[in-house]
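**Q** Now for the letters of each chain:
Protein chains: 4
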Amino acid sequence: MDKKALLTPRKTASQQRSRAMIEVLVEATARVLIKEGFDRANTNRIADEAGVSIGSLYQYFPSKEALVIAVIERHKSEMVDVLRGTLAKVAALPIDSAVRELVKTMIDAHRVNPDLHRVLVEETPRAGRIGTIDGFDREFYTLIRAYLELRKAELRPMDLDLAAYICVSSTEALTHGAVIDSPERLNDGNVQAFVNEVATLITRYLK
Amino acid sequence: MDKKALLTPRKTASQQRSRAMIEVLVEATARVLIKEGFDRANTNRIADEAGVSIGSLYQYFPSKEALVIAVIERHKSEMVDVLRGTLAKVAALPIDSAVRELVKTMIDAHRVNPDLHRVLVEETPRAGRIGTIDGFDREFYTLIRAYLELRKAELRPMDLDLAAYICVSSTEALTHGAVIDSPERLNDGNVQAFVNEVATLITRYLK
Amino acid sequence: MDKKALLTPRKTASQQRSRAMIEVLVEATARVLIKEGFDRANTNRIADEAGVSIGSLYQYFPSKEALVIAVIERHKSEMVDVLRGTLAKVAALPIDSAVRELVKTMIDAHRVNPDLHRVLVEETPRAGRIGTIDGFDREFYTLIRAYLELRKAELRPMDLDLAAYICVSSTEALTHGAVIDSPERLNDGNVQAFVNEVATLITRYLK
Amino acid sequence: MDKKALLTPRKTASQQRSRAMIEVLVEATARVLIKEGFDRANTNRIADEAGVSIGSLYQYFPSKEALVIAVIERHKSEMVDVLRGTLAKVAALPIDSAVRELVKTMIDAHRVNPDLHRVLVEETPRAGRIGTIDGFDREFYTLIRAYLELRKAELRPMDLDLAAYICVSSTEALTHGAVIDSPERLNDGNVQAFVNEVATLITRYLK
DNA sequence: AATGAATGAGCGTTCATTCAT
DNA sequence: AATGAATGAACGCTCATTCAT
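Here the protein sequences line up with chains X, Z, W and F, keeping their order. Each residue of the first sequence is one higher than the one before, starting from 1 at the first, in the working numbering. Each residue of the second sequence is one higher than the one before, starting from 1 at the first, in the working numbering. Each residue of the third sequence is one higher than the one before, starting from 1 at the first, in the working numbering. Each residue of the fourth sequence is one higher than the one before, starting from 1 at the first, in the working numbering.
For the record, the hints were derived by calculation from the structure and aren't laboratory data. The beta-carbon is built from N, C-alpha and C at its ideal position, and this holds for glycine as well. Incorrect hints may have been included.
As the list claims (entries may be wrong) - Mimicking DSSO-like on lysine-lysine, the simulated pairs with C-alpha atoms at most 30 angstroms apart in a straight line are:
no.	chain 1	residue 1	chain 2	residue 2
1	Z	Lys35	Z	Lys104
2	F	Lys89	W	Lys152
3	F	Lys89	F	Lys104
4	X	Lys64	W	Lys64
5	Z	Lys64	X	Lys35
As the list claims (entries may be wrong) - Stretches of chain X that chain Z covers, calculated by requiring three or more beta carbons in the stretch to come under 8 angstroms of a beta carbon on chain Z:
no.	region
6	92 to 103
7	200 to 207
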């Protein structure tokens with residue numbers, strides 16, 4: 001049997017009903033992951049939480065892993081949505097202000113669902129990849145790469161691919177760490193100092 | 001019963017024999033993690049790999065989790081050892097060269113056992129913390145914080161705590177990503193370019 | 001988690017299927033207890049004997065203990081049923097004949113399933129309580145207490161609670177001992193002598 | 001291998017040392033049984049409690065069962081000792097007072113070590129037999145049988161074997177129940193009432 | 001399509017017992 | 001004789017998955 005077949009939803013969400021069911025199941029999985037943690041999240045528990053029979057669950061998702069992957073994907077795209085929104089607004093700004101806005105947005109992205117984010121990154125095997133160039137950073141990277149191209153004139157001469165990688169990876173690491181591991185860094189007055197430093201890091205590097 | 005009791009080796013490694021057994025078990029656990037992945041690594045398999053009875057395993061480690069934690073600790077301290085070695089040599093250097101050396105060393109640290117590192121970070125619940133200010137970065141952070149204090153005169157005025165955090169987090173994210181996720185970035189000629197960029201990022205930020 | 005949850009059947013026997021399954025499992029547990037003894041009776045063996053998967057067993061009973069308790073309860077109620085039947089008939093009789101009938105019935109009650117009774121009393125931890133005022137005697141006690149009240153006029157003046165306790169405890173001990181430990185006392189002609197003596201013991205005490 | 005060999009102490013207690021060791025182990029087993037219950041009492045725990053290595057334990061007792069049997073035997077003989085003491089004193093008394101004394105003594109016997117007695121009877125497989133004609137009652141029975149013979153003249157004509165059985169079984173059941181299961185029956189003023197009733201039961205039966 | 005009862009491989013762990021030292 | 005490290009059979013139990021209804 002095809003390994004990939006075990007990791008993707010079984011039906012094209014062509015029908016209204018299917019889509020709703022998938023949504024319900026992914027949502028339930030996320031809730032169970034948050035409430036119980038990865039170890040205690042089992043498919044029967046998830047079917048219960050979704051108010052759906054275990055049989056139906058397996059009609060839409062071929063394995064537990066597929067369910068978790070769907071949660072990861074959904075969470076990633078929610079985070080990316082936040083970023084995309086800002087990038088549209090920011091494209092016209094000069095680097096200094098653009099970077100500041102993007103750093104703030106990265107924080108917001110991690111705040112979309114920090115409880116879920118923590119469970120995924122800390123407890124979920126293979127979902128650690130979330131904050132990785134293979135993970136949601138891939139899309140962020142593409143967006144930033146395009147922005148740098150656009151603003152090339154303001155930058156020192158550099159390998160834009162590498163530069164984008166460095167900006168994305170370090171910003172994601174720093175904002176992730178602040179939101180998830182050291183929330184005290186983002187208390188009230190601290191936010192600005194933190195954002196300043198990260199923005200300084202990136203801006204000085206680029207110019 | 002003490003929860004912590006389930007996470008630490010059962011016997012003090014006071015005797016020659018005990019220490020050897022612990023070493024054998026931790027080593028076997030690491031090998032199984034690499035060969036089989038976290039999900040397929042179970043205590044019976046580990047005991048087999050160690051050439052030891054399952055009963056002996058439980059005489060030294062009170063749970064599977066304790067075994068994995070021991071592997072994590074050992075791996076972390078091997079990485080920290082690499083860093084510490086370099087830092088001693090580098091303390092006397094000016095920032096530019098010091099940073100370059102440290103970036104190179106961070107790469108080396110991730111190359112100590114990259115297969116194990118990948119399993120621990122990607123598959124092992126709660127070990128995601130490994131590349132985190134709570135994980136092995138803690139020690140790296142302390143070392144760097146001290147270095148910055150030492151070289152304060154060469155730096156722009158800044159909050160050294162925050163600066164150390166930013167240097168450590170971003171350097172670890174970038175070198176980790178390069179070694180584990182994008183090894184092509186470190187092929188032959190690429191290494192220097194990569195090191196240059198990361199060193200530039202950090203150096204410009206500090207000065 | 002509720003400790004009690006581990007000792008009671010998991011599903012209400014509301015459905016036909018469930019009730020059948022529970023019956024099959026309790027029956028199998030009793031058979032295994034008799035054939036193998038308590039120590040060798042384990043859940044996998046019981047599931048085998050029941051012709052049911054171990055998973056199904058745990059769908060209906062949350063633990064081995066719960067299974068054994070169910071056997072005990074069923075056995076107790078079978079014994080009590082025997083007693084209750086006789087008591088209804090005997091209520092109208094004067095003490096002498098009533099006591100004789102009850103002693104005979106107590107013997108019958110112990111003969112309902114003496115092999116199981118022996119295992120439960122001799123080998124099963126905490127089931128020793130079976131022949132105890134806390135165990136099935138409780139119901140017998142209630143029945144007898146009511147009978148004594150009814151027949152108060154024929155008795156010497158006495159504390160009926162205490163008297164009922166003494167009648168029940170001693171009759172149960174004597175009939176249990178005879179059936180389970182000294183069956184030769186109940187061979188053919190011996191039965192009558194034995195019943196006579198026990199009836200004499202109780203009757204003289206009461207009048 | 002001889003099954004019986006697994007149930008008796010390995011060495012004739014010919015040497016001072018051996019006897020002391022056996023004593024220490026039996027004592028430790030009793031303490032562990034009381035403190036932890038039968039299920040949680042394991043041989044390593046017992047060796048610990050005895051301050052002796054597990055190897056030494058197995059030098060003196062061939063199995064866990066042997067250890068528990070030794071505890072049972074010791075406990076039984078302590079209870080019998082109490083009875084024997086009284087019987088000597090009571091042999092000369094007329095039935096009424098003798099029975100009263102013996103009932104009181106039976107209570108005392110159950111109070112020798114009620115915690116241990118409870119664990120043995122309620123939790124220990126096969127030790128439930130303690131309060132049985134095969135258990136410590138056997139010796140009590142012999143003593144009483146002899147007493148009845150001695151006092152035959154005062155009794156109604158009866159089968160002394162059967163009578164002794166009935167006296168012993170019912171007295172043991174009643175006193176056991178009172179001490180172990182319903183201690184409130186023996187609170188202060190209640191003791192006398194209880195003793196009176198049991199003595200009445202037996203005396204009326206015999207005369 | 002939907003249900004949920006049933007399955008059973010497989011896991012973590014315990015503990016009576018052995019045996020090299 | 002004494003030690004205690006080592007053994008491994010065996011057990012209770014979970015949970016992803018299937019399939020008859």
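**Q** In ascending order, which of the hints set out earlier in this document are inconsistent with the structure?
**A** 2 and 6
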